[in-house]
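Can you build the whole structure from these sequences, using the hints too?
Protein chains: 2
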Amino acid sequence: MDAKSEIGCLKVSSKSSPASVAGAIAGMIKDGSTVEIQAVGAGAVNQAVKAIAISRGFLSPVGIEISCIPSFADIVIDGEYRTAIRFAVEPKGSHIPVVEGSAASQATQTA
Amino acid sequence: MDAKSEIGCLKVSSKSSPASVAGAIAGMIKDGSTVEIQAVGAGAVNQAVKAIAISRGFLSPVGIEISCIPSFADIVIDGEYRTAIRFAVEPKGSHIPVVEGSAASQATQTA
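In order, the protein sequences belong to chains L and X.
Position one of the first sequence corresponds to residue 425 (the numbering used here), numbered consecutively onward.
Position one of the second sequence corresponds to residue 425 (the numbering used here), numbered consecutively onward.
There may be inaccurate statements among the hints.
A pair holds if it fits inside one copy or across any two, identical chains being indistinguishable in the list.
[What the hints assert, rightly or not] In the BS3-like style, the derived pairs of lysine-lysine whose C-alpha atoms are separated by at most 30 Å in a straight line are:
1. Lys435 to Lys454
2. Lys439 to Lys454
3. Lys516 to Lys435
4. Lys454 to Lys516
In short, the hints are calculated from the structure, not lab data.
See the structure below:
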């Protein structure tokens, strides 16, 4: 497997197997981690996106929907500055505890 | 601009300008649409991901955070079957209408 785990950070290359990376993503998400994926170059970004799409198929049967947030990261490889793409992969709606009731009822009353 | 709009579907190629596509994404998200982006090939997927990352910078100053969900789509181009990547881009927690009680009622009263 080409993806190296680094405290929740997977480094994906253009030669990484999307299915293997997908398995790693699914495992970490099931464990409750947020996963960071780092890719440098179009080929690597493509493999990372495929891995995320495949991992959805592993997770949706167990009721977990995921979404990803891409961002840029400046990194140094062999003394050269490169721009990497980082994907934060997380379960959907994981960060927002939905509290319904008071807010909704107040809105109804004033209407 | 290389991205063609199709009822909320942007087709991105490897020659698309990420900044232009990002502007289109930001505009549609601000209008309340969910955006679908379609890309075929590693170069196109790379440009699409860059566009999504750039659009985050356009939207976060106005308080909109977005996330994307990649999936595979089988399409036919010139009679040949190809696998495209589709990104569903949506505001974070968009499926949950966030109603803040006091703010909403104040707005109603002053209106």
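Query raised in the report: Out of the numbered hints, which ones does the structure contradict?
Result: The structure breaks none of the hints.
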